[in-house]
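Mind assembling these two chains? They're in different frames, but the hints should get you there.
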Amino acid sequence: MIRSINIFLLCTSVAMLAGVYALKFSIEGTANERTALAAHIAEQEGELSLLKADWAVLNQPGHIGPIVQRHSEELAIEPVKQEQFGSFAALPMRPAKPDTAAMDALFAAIAEGVDPIDAILQLEGVE
Amino acid sequence: MTIVADGLVPTISLEGARKQRGALTQARIRWMILAVILGLALVGGRLVQLGLQETDQTIEGQTRDVITATRPPILDRNGLEMAVDIRVPSLFAEPRRIIDVEEAVRALRTVLPELEEEWLRNRLSGDRGFVWVKRELTPAIQDAVMRLGIPGIDFITESKRFYPGMNEAAHILGSTNVDNQGIAGIERHMDGESVALLQELGLARGNALTPVELSVDMRVQHIMHEQLVDAMTRYQAVAAAGVMMDVHTGEIIALASVPDFNPNEPASALVKDTFNRITAGIFEPGSIFKTVTIAGALDSGAVSITDEFDARYGIRFGRYTIDDFHGKHRILALPEVYKYSSNIGTIRIMQAMGKEAYRAFLSRMKFDQRVQFELPEMRTPTVPNSFSEVGAATASFGHGLSVSPLHMVTAYAAFVNGGNYIAPTLYKRDLSEAERLYERVISAETSANMRYLMRLNAISSGGSGSQMNRQALGYRAGGKTGTAEKVVDGRYSSSKVTNFFASAFPLDNPRYAMVIMVDEPKAENPQSGTTAGWNAGHITGRVIQRVAPMLGIAPDFSELLDQQIVPPAVRRLYPEGF
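In the order they appear, the protein sequences are chains A and B. In terms of our numbering, the first sequence opens at residue 1 and continues consecutively. In terms of our numbering, the second sequence opens at residue 1 and continues consecutively.
Chain B with its partners taken away, still in its complex shape (with noise of 0.2 Å):
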């Protein structure tokens, strides 16, 4: 530039012209600046009001992530879903941009007619951005609905929680609300545990949570769920139910109680006397808990094995007098006091243990509080503070306390395992990890003085589970029968019953013990008695004798067996040990 300049424009008016230009281009870049601060201004500032800018993720007050967040799949222990998530699709509507609302309602409801025509209209009419019409539909109506073609009418996909099982473990696993979460069952406690954590924190999305393993055997709970059934018309009885549980890790294999609920349907489970008897009932469980006074009584040594018991007299207490139904009367040694179920004997037995010792012996099995089980349906057992005369004579047979049959199978598993009580579980657990858990209650010599005893209860002549025995040949299974009367209008009523059998099986080597109830069963034919026997003690036979097979139980006839759980001091006594 200077040198056109130069040549060009005479010297005085240079000067001049240059000063000029240089000022003009002064202002000219500060304008340019000025402009370049207002734009990257402008700039700035509309990133500040995008930043500030919160998109409104939510649907009616809930956040999209809850609404699509899943839950992991549940697996038995051998891996076969109990509980998995689908897909579905879920009606919404944008009321703003709806534009006829009278022929939205007519057209959706040709669709979904059980729609209340008001109820919709109301919905879809106002300035709302967001309104449920209906959730959890199939892919069927989705299609019909997008083919009415309504503007403002939508589907989101939604998670929805799916039992293939169908009835089979409902009360294990529960149900979950509209919103996939959990409401009952296990699946209530793996939200208290970190599913519900997860959701809140929006990590539970897609199908990358780790399934939960539980303790249940699907086959094994298949098979519990339709011998209960069976009974439900077999026995025309009231309710029935059933837990089985691994005596070395607690593990429950199977708990069903019926009658029950779909859990795909949780209103089902709205319905009387679908609860969980085997948790959440607690009923008196007569003979059953003769087993327990005479362990209690066995391991504090007050009483051995071969004392004898005179059970000749019914025992009075003021008024009353305590018989035994179907009494021998005679003098019974314990082994007999035990198969012949004698009341007389097991409150002779109770006395020469102490009733303060009793009682202590009860505290010690935790009859007095809930047990420690993952599932949120317990009650608390009333089991008296301290015990009257009367009320510990009672108490020895079971009656004049409640428990629920989950305090009883655990209570059995720990007299048959060694001695170790185990509170049970429905995850996984392996045996070292048990076995920190354990508690010693009684020692290993009681445990086998009691394993002999439920097995004599099977195989002896008058035994009273020896009906249980001959559907269960060869699985080694033994167990004690339980008949509770009811209390009809305060008294007593012997027509009434709740009947019980508990058991162990196979007894030379205890694997599994097992608790089957059934509540008011009538006689099957005439032939057969209402006695906890014929109803209770068929279907524990039946359980075993279809279950043991799939446990990897062989069955084994020889006598050998049977003749090595035989205490030496029993032997002494009867040289044919039965």
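This is chain A alone, in the form it adopts within the complex (with noise of 0.2 Å):
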């Protein structure tokens, strides 16, 4: 009886023996993981910061200005001038209701055959 347990308790310790080797090496192993992830973050970080700092000299106007100028000719592109820009407010009011006789005269016209933009079109050469 004595025996059985004491084989029992033998065994018990030689398994219990391999098992935390076993779990020593293998946290071993997830450390060192760990730190090579973490070099590796590091070092993407590193790469990161780089990229944005491209980024951000990439889209400075002091980057984009020089760009554009080079191209300027060949793009036909200048700084706009005050006279370029319109408002809402000068835009032509929508007609307060539709021509309804100018309509029923280009639809008459149509149906008749006669298309005012055909003849347009054949005007300025277009087929």
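Hints are computed from structural coordinates only; laboratory data are not their basis. All of these numbers come straight from a predicted model, not from anything done at the bench. A virtual CB, placed ideally from N, CA and C, is assigned to each residue, including glycine. Check the hints yourself; a few may be wrong.
To be verified - FRET-style restraints, in silico, Cβ to Cβ:
#, chain 1, residue 1, chain 2, residue 2, range
1, B, A107, A, E45, 25 to 33 Å
2, B, P384, A, K81, 46 to 54 Å
3, A, R94, B, L561, 22 to 30 Å
4, B, E118, A, E45, 31 to 39 Å
5, A, E43, B, V43, 33 to 41 Å
6, B, V43, A, Y21, 15 to 23 Å
7, A, Y21, B, I183, 54 to 62 Å
8, A, V80, B, S388, 49 to 57 Å
9, A, L123, B, N78, 25 to 33 Å
10, A, E78, B, E389, 52 to 60 Å
11, B, N525, A, L121, 25 to 33 Å
To be verified - Below are the DMTMM-like pairs computed for lysine to aspartate or glutamate, each with C-alpha atoms no more than 20 Å apart in a straight line:
#, chain 1, residue 1, chain 2, residue 2
12, A, K52, B, E213
13, A, K81, B, E559
14, A, K52, B, E136
15, A, K81, B, E226
16, A, K81, B, D556
17, B, K522, B, E226
This is how it looks when you write it as structure tokens:
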């Protein structure tokens, strides 16, 4: 009886020893993995900071301005002039109601086979 | 056990054997307890030893945390980065682990030839644990050094400040030193505020810091800087500077001064003449100060907008006679005094107000103290504590006292925004916050009169701001020129001048005030002059023409807007208004 208990205890100790060893090694492995990941993150953060700085440089008006100037002739662009601004108030108002008489006349003409747009297109030589 | 003993061992010897055994067991237990206590004491002792041991975390006297400390990114008002942190490798050596110093020196100098041989040899010899070799290198150099494979040489990643805008906002941002501490500009101010504390507590690590938002608009800043750099060549000027401010909130929208420096190379800031002329430069403001005199006189009630002043003859003070530059030599109404920039008229206006009242008004406008502002580079203005008769006369047209352009832009903002003084700021501030800081300096009515005068100067024929208005048509801009003669060898020189143009736009509902300064300009071409309208005025016009659409101000050519700002009193005198 005592013998069997002893054997049982011995076996459990050996098993637990093995278990603890395995655990220790797996933890060491995890720690290594973690360190490697931390280093990787630090490296990528460094790269990210450089990319962000790059992005900030590319977005600066001081960077874009000279590019625009260099290509202003090709693209036919120049700084906007005051006269080029309009306002909603300056747009003509929509007529109070549709010009029904003119519409009727137009539909009648199309029904008769005379298309006013055709006449314009022919005049300009467009088929 | 007792059962076995009972059966096999004779009774007499049983007692003795039992006792013997019991004694032995007790002895064994005692030894065991002693061993366990000793073992525990050993473990405990080791724990105490480990606890007392201090690991060396310092790098040449500084903690590692300080080296890798980060600063918050700085953004402009639209969220564009003006300053960011980048991670860069720095090269260090552990001399006690270097085997062959000569070989290490030779190898390192193949990659970094700029290192001096003797210095490097001294640096690498000895028994020290850590020395810097070169800080803030590029990843390419890091790779090359790693490939050399020298033992005892390694890299550490440091944070370095990078300014993507290069020179453009140099004077606003300032710069940082190699340890990432602010040494100038807003960077230095931030350190004083909170960043230094965070770094000290070791909290400023990683990218978690909240960005700092400035009031500056980088688009406007770019235009301002571009025009000032252009002015340096166009007018062969010694220096040029400009500042734009939101008149209601006091936010600085743009601030530039050339020659400037590249904040990415802090050493370039040490070159002569690169100081910030807007805050750290004090100048005799010249005629742009007439606006201050007239505002003070109108507000005191001593003169009214329709009063007339005798400008037929120069005013004598002992041996000196003060006369007008291109004078009209007739009786001028107050708007004409402003428009023709008459020295005589301005002196008479100041005299009507009284020199004590005038001096008190300058104090109310805070001309005799530093402007309350974030940048550390500030100079105290020189304004006499009390004026003599002649001192007050010259001060009325901006001579005999020196103030910074920042003083002038703050004063102009107060004159057009309804009469409230608001200290400028580089941080974002909303209107409700600004209104709590308002200090009334002139009445709303005087402010309306000042808006009229400034606009009048731009659109009426012969007004000194007409050159500016030609460029900025439609944006209802107006302002005042100032041509201040410089003192050369103790005398005022007519060939060396400092030119100013102080303006505000759009004057029907003012939003921005601006001061442009050009130092010692020459004529652009033989047809043009060297007075302020020709250079500072032109720059102002060009800047407004470019930035007004960005700031959401639509051009409007209708005369109605200009007619609306004419005060009724003036309209009774001049029905046409201008």
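These are the hints, each one checked on the structure:
no. : hint                        : in the structure
1   : A107/B / E45/A: 25 to 33 Å  : holds, 30 Å
2   : P384/B / K81/A: 46 to 54 Å  : holds, 47 Å
3   : R94/A / L561/B: 22 to 30 Å  : holds, 27 Å
4   : E118/B / E45/A: 31 to 39 Å  : holds, 38 Å
5   : E43/A / V43/B: 33 to 41 Å   : holds, 39 Å
6   : V43/B / Y21/A: 15 to 23 Å   : holds, 21 Å
7   : Y21/A / I183/B: 54 to 62 Å  : holds, 56 Å
8   : V80/A / S388/B: 49 to 57 Å  : holds, 52 Å
9   : L123/A / N78/B: 25 to 33 Å  : violated, 51 Å
10  : E78/A / E389/B: 52 to 60 Å  : holds, 55 Å
11  : N525/B / L121/A: 25 to 33 Å : violated, 53 Å
12  : K52/A / E213/B              : holds, 17 Å
13  : K81/A / E559/B              : holds, 19 Å
14  : K52/A / E136/B              : holds, 18 Å
15  : K81/A / E226/B              : holds, 18 Å
16  : K81/A / D556/B              : holds, 12 Å
17  : K522/B / E226/B             : holds, 19 Å
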